[in-house]
Amino acid sequence: MAETAIFYDASKCTACKGCQVACKQWNQLSSPLTADEFEFTKSYQSPLELADKTWIIITFAEVDQDIGIEWNFMRNACFHCTDAACEQACPTGAISHVENGAVVIDQEKCIGCRYCVNSCPFGVPKWREAENKTFKCWLCQDRQANGRSPGCVGTCPTGALTFGERPAMVAAAQTRLDEVKAAGSDKAELYGVDELDGMHVIFLAHRGLEAHGLIRDPQVPGSIKFWQLMKPLSGLAFAATFGGLGISFLASMGYDRDSNNVEEVEE
Amino acid sequence: MTNHWVDIKNADVIMAIGGNNAENHPISMKWVTEAKANGAEYIVVDPRFTRSAAVADTYGPLRSGTDIAFFGGLFNYIIENEKYHDEYVKNYTTASWLVSPDYGFDDGLFTGFDDASGKYDKATWIYQTEGEAPWDTSETGAFSWVNAPNTPAFTPPTPKTPLKDPTLQDPNCVFQLMKKHYERYTPELCSQISGMPLDRMMEIWETFASTGEPGKAGTILYAMGMTQHTYGSQNVRAMAITQLLLGNMGMAGGGVNALRGESNVQGSTDMAMLFHIIPAYMATPVAGTHPSLRDYLEKETPTGGYWTNKPKFLISLLKEMYGEYATAANDYAYDMLPKLNGKNHSHIAMFEAMNEGIVKGLFLWGQNPAVGGPNCSMERKAMEQLDWMVAVDMWETETAAFWKAPTIEPSEVNTEVFLLPAAAAYEKAGSIANSGRWIQWRWKAVEPPGEAKDDAEIATEIALELQRLYAEEGGALPEQLTKLTWDYVDEAGKADPTKIARAINGYTVADNKLVANFTKLAADGSTACGNWIYSGYWNNEDSMEPADQPTGARDNADNAGEGLAAPIGSYLGWSFAWPVNRRIIYNRASADPAGKPWNPDKVVVEWDGAKWLRNDVPDFGYKKDLPDGTTLWTPPGTTAFIMQPEGAGRLWAPGMADGPFPEHYEPYESPTTNTMSAQQNDPAVVVWESASLGSKEQFPIVMTTYRLTEHWQTGQMTRNLPWLVETMPKMFIELSPELADEKGLVSGDNVIISNNRGAIKAYALVTSRFKPFDINGEIIHQIGAPWHWGYSGSCSIGGIANDLTPNVGDANTMIPEYKAFLVDIRKEEV
Amino acid sequence: MNVTRRGFLKVTGAAFATSFMYEFAGTSTALAVEAPEWRLTNVTETPSICCYCSVGCGSINSVIDGELVNLEGDPDHPINRGSLCSKGSAQFNIRNVYDPETGKLELNPFRVTTVKYRAAGSSEWEDKEWDWAITEIAKRVKKTRDDSFETTDENGVTVNRSEAIGFLGGAALDDEECYIIQKLARALGVTFIEHQARI
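Protein chains in written order, with this note's numbering: chain A, 1 to 267; chain B, 268 to 1097; chain C, 1098 to 1296.
Calculated directly from the structure, the hints in this document are not laboratory data.
Small disclaimer: the values here were computed from a predicted structure and weren't measured.
Heads up, a few of these hints could be off.
Just so you have them, the derived chain B footprint on chain C, three or more residues with Cβ under 8 Å [what the hints assert, rightly or not]:
| hint | segment |
| --- | --- |
| 1 | 1135 to 1146 |
| 2 | 1165 to 1178 |
| 3 | 1214 to 1223 |
| 4 | 1232 to 1243 |
| 5 | 1246 to 1258 |
| 6 | 1261 to 1271 |
| 7 | 1287 to 1294 |
Here are the simulated DSBU-like pairs of lysine-lysine, each with C-alpha atoms no more than 35 Å apart in a straight line [unchecked claim]:
| hint | chain 1 | residue 1 | chain 2 | residue 2 |
| --- | --- | --- | --- | --- |
| 8 | B | LYS750 | B | LYS780 |
| 9 | C | LYS1240 | B | LYS671 |
| 10 | C | LYS1236 | B | LYS711 |
| 11 | B | LYS577 | B | LYS357 |
Ideal Cβ positions, reconstructed from N, Cα and C, are used throughout, including at glycine.
Let the hints inform the model, and build the full structure from the sequences given.
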């Protein structure tokens, strides 16, 4: 079973936000219907942050130049890390890797504890108060299963977003890195190839990671690693505090743990 | 567009100027990106740093309204450095044509200007000619149709033979006149006027002029940044001249490409929803000029070019409109067409007339002038004079709800308003024409919600009711309505777009069979056709299924033409492009006079010595199908521009209202003095008093308006969509950090932007994407705002940018000068 | 059915896509866990063209039980090849939105779906019937036209016009609609015919 990945090439992105809307369209995510729920963001970036119903945004960063500026765009959505803090922090096993490498939240199992929200180095998972659940990008597993690329990729006009088996995406990113460097973008870098043991979104930041707002050398917080070791025990204790969840919840949680994460626990 | 969207991939250099294709036509970037992958350079020239500029190879900032300084300097650079495509210019343009020695230009004025009328007498704007070459109307002649029975009588025009100097040395030849005219446009002066740094300007000129090399192609992408000026038409002329000098017209990857702003503004223009034309670009009759059909045909039929067939197109249109009632005896009901009084009746004039109480009733078909019109607080005020308004729309627009405007007291407004609920695009069936002239069919997906109906149905119900009323009650000239054909309803009595499509395509009257295309139309009343350039888009008599018609064709194979090695992305099997499915207009010019393609790798048409090889439908008479079934191929000629009487591309255009060459003038509200000539503004512009023009002393800041990717037009189609509001929620103005410092502003402040026409409120967005310009030695600030907001629309409301724009229009088209005007700004006191 | 969805669309312009699959080049992968429910089963798909800018991008509208449930780029379209910008993707919202409270699909609450009439001096809309509106509009058009009609001008030239009625708009309509609307305008003798192309 091959791992899949998105390749985001910032040098081709025009920040049209097609991906932002296509994500909402496909995943049936609402936006407010009243004017007073919106704020002026002082930027072309809007919304400024991911949210429980906003799983992808394009970020805008300006660097002044003599003539014009450098306007650096970046795709901000779940990075689908292999070494995923959210998954390790999740006490119930609601967050797991599926075989294509994506990190998904099983809403049936999510208890709204927000450990993932607090542990993610990128601030990706978002909690929805009304349902007491946490949400984020799931790399459109339903589309993948039906032979379609994720909604954001399918809609991208310029090919800034492409999708395929991860090794092919890494190779495409490397090729493109060489191209843009040869064309003069000497600060260009890739991201996600090795970070956090490899992400399932690969990035080309043609003006360098910082210029595009990417965190260099991200780490799963040490406390999460500790928590991960303790989880089989503390997870039970944690779950027990949510009395209404019942025994079947505990059973299913244990099942997922065993099948998916044994190796990490024993690292 | 002379070319089309996919064709952008064929360009060696792409220049976006007066347009912002990445933001306003995002999918165009698919093809810009592909061109770049093939090594193309992408240049963006814009007053502000846009999302197009963000991905450009080169960005050139230019003060709004100074495009002709930029292009005039480019012409000078091209000519002085001999960067033009010599063989192309000599063979396919009017460079060699001799102009009357009486024509001249002095310090901003062309010969013939009359101060009193504010108009040019164009008597000296003529070519030198000798002898006459009358039409051959004999039985075997090309113009024998003139004498066919039932063809209206008119005296054909008499073409004169032009004098030319193929060496381009005669001081009165167009080339030398041009050289002389643009010698004044020195790089230094052009830089001082436009504010573009000299080095950057020279770099852009050099890059774009590189496409003058034979075989290279450069494309220009433009939009309203070019046209929304008092010399907007001359801006467009400047681009056409550039492309002719560099040999880019007709080439794959070339052309002058208007990126039109609405999904079917091409089609609505083709259909002549404009005062000055009737369908397919024929002039609306004017009482003083065209009192009779004979006058119309004699004045409007040109001496040469394909428009010599105009009588066929006009009579076929009249036959479609009035059916059996239109006969040779009554001049095909010519008098049923309303005639203009010779005065301008364009958008600005309509609202002036409304203000004066002349226009008393108004239909709006999805237009929202209360936000979209120039100086639109004045336009809203004018609406109060209306007895009635019918707004057909999907939303409660600011116009339909003008009586709710913040400054209007409803009880004082006596206008009755009918707001009729309309259907969305996918709630009805029909065709639309994109910028590349592809007429594509849209299938209906769902029924309109509630009681909403499509516009065709609404128009039909009103038309049929009016026909009934006039038939029963009489009234003013009932025949104008009662004799009108309206057989566009299906068996259930509903408007049927496929029946309208038949009428537009055209058919032979005797047997009601669809015509193959416009070459089958006649001037003797035997054919009916609503729009000749669309003829061929719905020509399959065997099936009325849209998928079986050319407009509904969905074959997306990109095949090379027979005998050719590689395709060029024409997609001839996908939809139908007017005219006759041609994708690149003037494509004869893609090959040299012998028919050999300038670029052998991207062949549009090629003469192989015996026949034409084709990746597109040739734009010239390339063959004749003989009665015996054989084909007679027409060897190469040099008439590359068949729609012009000259048969050649016009470097010098005597038909323009404000001069045969583009000349730099300042916007009507300008922060500086014209340093190119003593003539501050385009002298042929009509200015109404209501424009309330202001001075730079009162209002020192240049403002421009534009659109955002996330919104559209007056915002009704986007401010009511929560997903889009979320991506760009509020009205704002953008300004430089330098101006913000001067005014004590930071991002997020509420500011008031004002001039003589109004004052609006917006959030300040301080950004280095705006920079002050150094203009003629003075620092000039420019700000900008989107014009998508208004007071109606439930997800997001905000200040109306067009409350500030001037209702002063282009000398040729009356398109308002939205893109360059003066304001001042201040922080809102709270 | 032994024909692909895309082949079917080519032939008929519409397809019932119960069993059709997009033929994307992208990798098809199965999930380790149970595959999520596919929400485009039993849909009717029709091609359309985007209503915003003039690129003319194709979209595919998916309909279940007469209601629009999905709208995305037409992968067969030679210009946009399946892609859509933010506005193109948001076309779905023109008709339907998801309620922020319930998450349920519902008609965009800002759509005008009834005939509305505002009387002279009134500060409110009233809902009306279509028949009433068409009758009343025709009466007003006729009166304004009849009162203002000029058969000849000051030079005796037949002009057959009314300067008292304006027609505005059309760039958002279909070609066929534009044709008949300008035809109606000209048959009323209207000279003030304008639309978005001018401004």
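Taking the hints in turn, this is what the structure says about them:
1. Under the rule that three or more residues need a Cβ within less than 8 Å of chain B, the assignment of the segment 1135 to 1146 of chain C holds, with 5 such residues.
2. Residues of the segment 1165 to 1178 of chain C with a Cβ under 8 Å from some Cβ of chain B number 8, which satisfies the need for three, so the listed coverage holds.
3. Remark: the segment 1214 to 1223 of chain C is confirmed as covered by chain B, as 8 of its residues place a Cβ nearer than 8 Å to a Cβ of that chain, reaching the required three.
4. Coverage of a stretch by a chain is defined here by at least three residues with a beta carbon nearer than 8 Å to that chain's beta carbons; for the segment 1232 to 1243 of chain C and chain B the count is 11, and the condition holds.
5. Coverage of the segment 1246 to 1258 of chain C by chain B holds in this model, with 9 residues showing a Cβ closer than 8 Å to a Cβ of that chain against a need of three.
6. Judged by the Cβ-Cβ criterion of 8 Å, the segment 1261 to 1271 of chain C is covered by chain B as claimed, because 11 of its residues qualify and three suffice.
7. Evaluation of the coverage hint for the segment 1287 to 1294 of chain C: fulfilled, as 8 residues show C-beta separations to chain B shorter than 8 Å, against a requirement of three.
8. Among the hinted pairs, LYS750 of chain B with LYS780 of chain B is consistent with the structure: their alpha-carbon atoms are about 22 Å apart, no more than 35 Å.
9. Of the supplied pair hints, the one linking LYS1240 of chain C and LYS671 of chain B holds, its CA atoms being roughly 27 Å apart against a limit of 35 Å.
10. Between LYS1236 of chain C and LYS711 of chain B, the direct Cα distance comes to roughly 32 Å. Compliance with the 35 Å bound is thereby established for this hinted pair.
11. Under the criterion of a C-alpha separation no larger than 35 Å, the hint pairing LYS577 of chain B with LYS357 of chain B is consistent with the structure, at around 29 Å.
This entry satisfies every hint, going by the numbered hints stated previously.
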